[in-house]
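We have chain A; now place chain B onto it with these hints.
2 protein chains.
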Amino acid sequence: MSAEQVSMAPLAEAVKQPVPHPLCPITASEIRNAARLIRRLYPSKPEFQFKAITLEEPLKAQLAPYLQAEHQGARLPNIDRRAFVSYYLRNTDKLHEAIVNLSQQKVESNVRLGPHMHGPGDWEEIVLVEKIALEDEGVKAEIAKLGLPEDTVVISDPWIYGSDGNNDDRRMYQCFLYMRDPRNPGNLDSNHYAFPLAISPVVDCVELKVIRIDFCPTGEGLESKPSQPIPIPEANEYTPEHQKSLRTDLKPLNVIQPEGASFKVTQVGETGQVIEWQKWSFRVGFNQREGMVLYDVQYDGRSLFYRLSLSDMNIPYADPRPPFHKKAAFDLGDAGAGTMANNLKLGCDCLGAIHYLSAVLSTDSGDAMPMENVVCVHEQDAGIGWKHTNYRTGRAAITRSRELVVQSIITVANYEYIMAFMFNQAAEVTYEVRATGIISTQPVDEGVEVPWGTVVHPGVLATHHQHIFSLRVDPAIDGHSNSLVYDEVHPMPISDFNPYGTGYTVSESTVQKSSGLDTDYSTNRTYKIQNNYSRNPVNNKAVAYKIHAPPFQKMVAHPSSFHHKRAEFADHNIYVTKYHDDELYAGGKYTNQSRGGAGVRAWANRKENVVDDDIVVWIQFGLQHVTRIEDFPVMPCEIIKVSLKPVNFFDKNPALDVPPSNQEFNRSTEVTERHMQSSVEAQVGDCCAPSSKL
Amino acid sequence: MSAEQVSMAPLAEAVKQPVPHPLCPITASEIRNAARLIRRLYPSKPEFQFKAITLEEPLKAQLAPYLQAEHQGARLPNIDRRAFVSYYLRNTDKLHEAIVNLSQQKVESNVRLGPHMHGPGDWEEIVLVEKIALEDEGVKAEIAKLGLPEDTVVISDPWIYGSDGNNDDRRMYQCFLYMRDPRNPGNLDSNHYAFPLAISPVVDCVELKVIRIDFCPTGEGLESKPSQPIPIPEANEYTPEHQKSLRTDLKPLNVIQPEGASFKVTQVGETGQVIEWQKWSFRVGFNQREGMVLYDVQYDGRSLFYRLSLSDMNIPYADPRPPFHKKAAFDLGDAGAGTMANNLKLGCDCLGAIHYLSAVLSTDSGDAMPMENVVCVHEQDAGIGWKHTNYRTGRAAITRSRELVVQSIITVANYEYIMAFMFNQAAEVTYEVRATGIISTQPVDEGVEVPWGTVVHPGVLATHHQHIFSLRVDPAIDGHSNSLVYDEVHPMPISDFNPYGTGYTVSESTVQKSSGLDTDYSTNRTYKIQNNYSRNPVNNKAVAYKIHAPPFQKMVAHPSSFHHKRAEFADHNIYVTKYHDDELYAGGKYTNQSRGGAGVRAWANRKENVVDDDIVVWIQFGLQHVTRIEDFPVMPCEIIKVSLKPVNFFDKNPALDVPPSNQEFNRSTEVTERHMQSSVEAQVGDCCAPSSKL
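The listed protein sequences derive, respectively, from chains A and B.
So in the numbering used here, spot 484 of the first sequence is number 488, and the numbers just go up one at a time.
So in the numbering used here, spot 673 of the second sequence is number 677, and the numbers just go up one at a time.
Excised from the complex, chain A in its bound form (with noise of 0.2 Å):
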């Protein structure tokens, strides 16, 4: 507990609007409500900074039955709503995190967190440390040496400091240096990742202030070199404005839903959404950590999953050298999918019929803060979802695909992820990422090249680095009683059996106890969720639902390593715990210079029983990303994708029933002459007539 004094008595005050479902995000008076009652625990009125306040969800045991009874449309439990607060007394590095009963108007538990334990990083702290780093004299003096242009413009990007034991207990912000295009200072969005400086800031969090500068080597060694004038190359600019020409032979393609859209949307209070469509149900949430956050999934009244989000992400670095080496961000974690997430415009970033979602999140000072346009929902075509001709008569039988999609998009400093779950009518649920934006830069001298990046603009070297993600399953296949298998294909040995050696088997082994798992596609191995006690009315095997999760190279950094130790994730491609109320971050709860031994790895090595019974399944994939020139100055969208897949859960195609696909519901054209310019080739073989240029 805080050395503070802290009264905890309830607060007598009536509860005014009720929220109608435990799973609605908290509300904005819910928010100011709970920030009154945290401020109410200290007569002495300190200044507060929020780092969050979100829905504590329900506990499992109370949530269950809740919606066991909602589905069965029988008398509902009561359930009080609860508050998560966490906060710093501001300017010190008293973390807190408190639970506070709404219902009940009080709170509930206050704890000061120990060491190693860091908020994450909030808008309002960014701005600050930003202006901090540029205002500090020493960094003014180091800057003044590299002799740029009157008017350039120097950018601070703050980065969360990260671990390497090294005098780093406090909460600190490490500080990369860029500069605006010295040529064009005026131009607010010059792709200042083009110009990165040599020069690093480290800001403490409680001091406020700069308490060391550090200097990036740009060489191939460790060593840095002083400050001096610097070369000026290029600008490498994104925004359309600055490119010499744009393609003008792209013509417009309009996704037209002229009876509008297939998907239905109900509001449930100020801040709850069920979605409907094509068999599926499920309600959206949305919170500072994870952004988007799916519940109660079912598909045609059979429960799926119990919910699903992305519960963490790391991206560590390459360069072994400081102070690079510490690089390795937890984006959820240390700053929030909600917080970074985008407004999504209309018709900027969908197609067709959208439906925008917006959500309210907390600030440092403790108000609500609208977030609009965060999620938004439309359907996408996706090519052919079955055909099958019969080549006696003819017949063609084709549908096509359609896809519901909810996706929310957030900006990470220089980069982007496009992040959504697509459902389809074949009883499919895959979650997207796509990595875009702006590689992380640093400072290279000309003609240095190094094996850990690629120079991608001169005096821009592109780091090498991994990004790997944790999908948290926690799922409820016909229930709570779900079990992790997995199928491997075998050769049958040669025998009188199998005398030409061609037949080969399916072995279904369980995952006993919780534990770290990996894939091996030497063995075609497939990991399902599965539900022993519910069976296949036509072949009685077991339902489940099988993960489809792409490959890639687990974390490579040593395991005695801080970013081994901290991304708890990223030496598996799955786990499975047993379920425990509040843990849903792969990578523990608070990764903001965490030290490791808080998430899903310490939870795994419990070895608890995870046959039969409540289990989470964390799917881990991601991507190396070997930097190459065409990444700069923004990427091209890099996708990977997890699929989750019925197997034998139903008793045909589910999608047997979507309508025939045809030209009546299509609308489609037939691109003709006019459009195509169509026309013949001279004849070659001429010598004398001229050949056409292609």
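Honestly, the hints are just simulated from the structure, not real lab data.
The reader is advised that the hints may include incorrect statements.
What the hints assert, rightly or not - Reference excerpt, derived from the structure (chain A facing chain B, CB under 8 Å, subset only):
#1 K49
#2 F52
#3 N240
#4 T397
#5 D655
Don't be surprised by glycine CBs; every beta carbon is placed ideally from N, CA and C.
Structure of chain B alone, referenced to chain A:
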């Protein structure tokens, strides 16, 4: 040479319509002309069964300089037109292959092929074999024992016989029998794969009669049962009119291109097509074996690929019991992706502004057969191309990614493959395969479970199987001197330079000799096709295209098995060979009842130089299809993608000049309340209020 008397004197007749480009597919008149020239060889006037009359592509030594001259606008060398002809003297096992010089009207070579070289099936033959099997008195007698309802229609699916070394030197078909729904025998499109029978006649292709009747095992063991009355399960139809109900809540989604398509198709003579789109240009060919082929693929005037095509596929099955142990289809070599191509009727298979390409193939009688709408060309939206938001100004820069799709769909009896080359604006090309259609079924007794298949309907076993594909990439990355290199990511040892254990490096290795190679996710091993003589102007790295191909389980069958010997590509992710003319098909030129030793494994074993040389890269990919009930009666598409992406080939993101995505261009709409029937749920917590049912 054949024992027939042959005459190889030129036919003294003028060439009436010179074909305007050496890469134009063979024309109808050329087909007839080639057949005539072949017939003229035989004064005895035997009957011919033509298997293929197709373009014999020019030697690269001739064509490469031609294309270079063409692109430079220089004088074009003359190249004779040649046809490749394979044929049987009908009702014999005398398979010949001939090269016919169409320009000089003479047969340049005509060779009778040796043992274990068999031609593919053709439509006329398949229909004939079906009939022979069903009209055989012995087969009829066996069918009579099944006690089927009167009017039951039995269907025979002829399968390529396969190889097991047991008295299988001659060319045969193994027929699998099914029946249409006996309760509804008038339904010509009944899914007969839901009613597999255990009687399997073998038809000899020379004698054209049933030479043996095999009986399929239907239990767990090797033994089969004598034919006896069988139960008739329910039907399991895939056609929409046989579904209990179709979904009624899917609203239209139209792709409208108000200004037409952005691509240009130039017709070249009767059969040639040049496609230009968004800086890409290439020629499209079409032949009996591979279906669509792309030639001379360029981006922004720079050479990338000399030739791209799917070269082969193999589908081995898991059941070791005769007659199933021989099931291992080579759909291209045994039948032909051209031969089996669907007519892509407008509006059923694609959305938007579509252009269809037609082709011409040869018939068994040496005539020309028009193949209409076998390739479709259209654009599609592929989601966000790249995005960055400047968090300081809030300015988002965003493009959508447009793709050009060149697609063909084939039906191989029960099964469908949807195959497409997709080009994007970031200079990436992707080859996509969607596997759909009806899985191959066999009869199974009630209550039997076997580890090599899944019961997908009462009495119906869907055997597990693999799909292994080989994409042939004949590269010309900035020219013909290319190398295959691979990057690997390795941790740095812990040292004074890397004290925190976080550093890692990328190393590049060059493949020296032709060989089979594998991916390795533990080192992120990534293959690149590289031109060491063309350097990036910014970072001096060799220009390259990297290969992204998903991992797959290699051929499971034993290395000593015919399955393994025959599918010469199925044991490695990548093969690289030195270019030789006439080496186009990874499994060898003649796959029907082949013995192996004539494909890419054999070519690689020559251990030729592949450094800075004219090389060919064979990319394998595939599916281990562990069948599930959801794959029946028709399976939802399973999608695999292989991509080729530039690495240090350009000097920045090549899609940087794509115009920004905006509402004026996209014309998206916001879904309004009216469409969505927004409502508010009943308040919860009031125990007397009914809960809303979602």
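We went through each hint and held it up to the structure:
Among the interface hints, the one on A:K49 is violated; its C-beta lies about 33 Å from the nearest C-beta in chain B, farther than the 8 Å criterion. For A:F52, the interface hint is violated, since its Cβ never comes within 8 Å of a Cβ in chain B; the closest pair sits about 24 Å apart. Hint status for A:N240 relative to chain B: holds, with the closest Cβ pair at about 7 Å, below 8 Å. The beta carbon of A:T397 is positioned within 8 Å of a beta carbon in chain B (closest approach about 5 Å), and the interface hint is therefore held.
The interface hint given for A:D655 is met, as the beta carbon of that residue sits about 6 Å from the closest beta carbon of chain B, less than 8 Å.
Hint compliance for this structure: hints 1, 2 are broken, all remaining hints hold.
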